[in-house]
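There are 2 protein chains.
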Amino acid sequence: MRSYDSGNIFARILRGEIPSPRVHDDAHTVAINDIHPQAPTHLLVLPTGSYIDFDDFAARASDEEIVAYVRALGKIARDAGVADSGYRVIFNVGPDSHQEVPHLHAHILGGRALGPLLTRRD
Amino acid sequence: MRSYDSGNIFARILRGEIPSPRVHDDAHTVAINDIHPQAPTHLLVLPTGSYIDFDDFAARASDEEIVAYVRALGKIARDAGVADSGYRVIFNVGPDSHQEVPHLHAHILGGRALGPLLTRRD
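Going down the list, the protein sequences come from chains Z and F. Take the first sequence: its position 81, counted from the start at 1, is 81 in our numbering, and no numbers get skipped. Take the second sequence: its position 88, counted from the start at 1, is 88 in our numbering, and no numbers get skipped.
Just chain Z, same shape as in the assembly (with noise of 0.2 Å):
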């Protein structure tokens, strides 16, 4: 079994010891805005737990953090205006997505009409 790393960046957020302003903040769930925006909405929902991916959440989770963390990111993505204009979320898990950092996130990427489910080169 995968060992969580809590050195991972995002842990490191969650734990105050690098500043980021919290979009949303509460006992299971934090929203920050990627540094690295792809849409004029491109937040990043991370559990307060430490889960690697969604592999690791979906089987690892208590049924309070899933319930949670699921009505968390419907609200985190109303409260950012782009429920009616529609928005895109993305968990990357593993390897073959390229995910980057070793904490559970979910990408929320709205505020433009967005592309095809995947890249024109794949």
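Misleading hints may appear alongside valid ones.
Far from chain Z by the CB rule (all over 10 Å, computed), these chain F residues [said to hold, decoys possible]:
#, residue
1, Ser3
2, Tyr4
3, Ile9
4, Phe10
5, Arg12
6, Ile13
7, Gly16
8, Glu17
9, Ser20
10, Pro21
11, Asp25
12, Asp26
13, Ala27
14, Gly49
Facing chain F, a subset of chain Z residues (Cβ under 10 Å, in silico) [claimed, not checked]:
#, residue
15, Ala39
16, His42
17, Asp55
18, Ala59
19, Glu64
20, Ser85
21, Phe91
22, Gly110
23, Leu114
Sample of chain Z residues at the chain F side, in silico, Cβ under 10 Å [unchecked claim]:
#, residue
24, Arg71
25, Gly115
26, Pro116
Derived from the structure by calculation, the hints contain no laboratory data. Even glycine gets a Cβ: it sits at the ideal position worked out from N, Cα and C.
Put chain F on the given structure of chain Z with help from the hints.
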């Protein structure tokens, strides 16, 4: 409030009106193969409940439905053999995302190295 259109193709598949082999089938979640796959593994994961999109699901689904759907998503990817190599989960919500069918569905994409988060023309 938007209302759910029970004539959409995924609703018809869930009711068995249109045949579609099921990769996964339980009380809360059904998975099928995308008919226009964009990767060696391209699954669509549908809740059996009537939810338009992720926004609708996050707001209206029961705690039980949310937990069942998230755990099934993880299991379906593991059963497809992409949990170690990696995969991407995508939810399209509303106009800007080009959501095509108004019944919540997660895309699970994997089986090869995927491209960047968004397309180059984005």
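Hint by hint, here is what the structure shows:
1. At the 10 Å boundary, the C-beta of F:Ser3 stays outside the reach of chain Z, the nearest C-beta of that chain being 15 Å off.
2. Against chain Z, the non-interface label of F:Tyr4 holds: every CB pair exceeds 10 Å, the least being about 16 Å.
3. Residue placement check: F:Ile9 keeps its beta carbon more than 10 Å from all beta carbons of chain Z (closest about 17 Å).
4. The non-interface label for F:Phe10 is consistent with chain Z: the shortest C-beta to C-beta separation is roughly 16 Å, beyond 10 Å.
5. Here F:Arg12 stays apart from chain Z, with its beta-carbon at least about 22 Å from theirs, past the 10 Å limit.
6. Against the 10 Å criterion, F:Ile13 stays outside the reach of chain Z, whose nearest CB is about 19 Å from its own CB.
7. With a least beta-carbon separation of about 27 Å from chain Z, F:Gly16 lies farther than 10 Å from that chain, consistent with its non-interface assignment.
8. No beta-carbon of chain Z is positioned within 10 Å of the beta-carbon of F:Glu17; the least distance is around 26 Å.
9. The beta carbon of F:Ser20 sits about 19 Å from the closest Cβ of chain Z, which is more than 10 Å, so the claim that it is off the interface holds.
10. Consistency note on F:Pro21: stated as away from chain Z, and its beta-carbon is indeed over 10 Å from all of that chain's, at 22 Å minimum.
11. Consistency note on F:Asp25: stated as away from chain Z, and its beta-carbon is indeed over 10 Å from all of that chain's, at 18 Å minimum.
12. No Cβ of chain Z approaches the Cβ of F:Asp26 within 10 Å, the least distance being about 14 Å, so the stated non-interface status holds.
13. The beta carbon of F:Ala27 is kept farther than 10 Å from every beta carbon of chain Z, the shortest such distance being approximately 16 Å.
14. Against chain Z, the non-interface label of F:Gly49 holds: every CB pair exceeds 10 Å, the least being about 13 Å.
15. Residue-level restraint check for Z:Ala39 holds (minimum Cβ-Cβ distance to chain F is 7 Å; threshold 10 Å).
16. For Z:His42, the shortest C-beta to C-beta distance to chain F is roughly 9 Å, which falls under 10 Å, so the interface hint holds.
17. Taken as an interface hint, Z:Asp55 checks out: its beta carbon lies about 5 Å from the nearest beta carbon of chain F, inside 10 Å.
18. Hint status for Z:Ala59: holds, given a least beta-carbon distance of 6 Å to chain F, under 10 Å.
19. The interface hint given for Z:Glu64 holds, since its Cβ lies 9 Å from the closest Cβ of chain F, which is under the 10 Å cut-off.
20. A hinted interface residue such as Z:Ser85 counts as satisfied when its beta carbon comes closer than 10 Å to some beta carbon of chain F; here the least separation is about 5 Å, so the hint holds.
21. Interface hint at Z:Phe91: satisfied, since its Cβ lies 4 Å from the closest Cβ of chain F, which is below the 10 Å cut-off.
22. Against a cut-off of 10 Å between C-beta atoms, the interface hint on Z:Gly110 holds, since the closest Cβ of chain F lies about 6 Å away.
23. The interface hint given for Z:Leu114 holds, since its Cβ lies 6 Å from the closest Cβ of chain F, which is under the 10 Å cut-off.
24. Because the closest C-beta pair between Z:Arg71 and chain F is about 6 Å apart, less than 10 Å, the hint holds.
25. For Z:Gly115, the suggested interface contact is upheld, since its CB lies about 3 Å from the closest CB of chain F, less than 10 Å.
26. With its C-beta approaching chain F no nearer than about 6 Å, Z:Pro116 sits inside the 10 Å limit, and its interface hint holds.
The structure meets every hint from the earlier list without exception.
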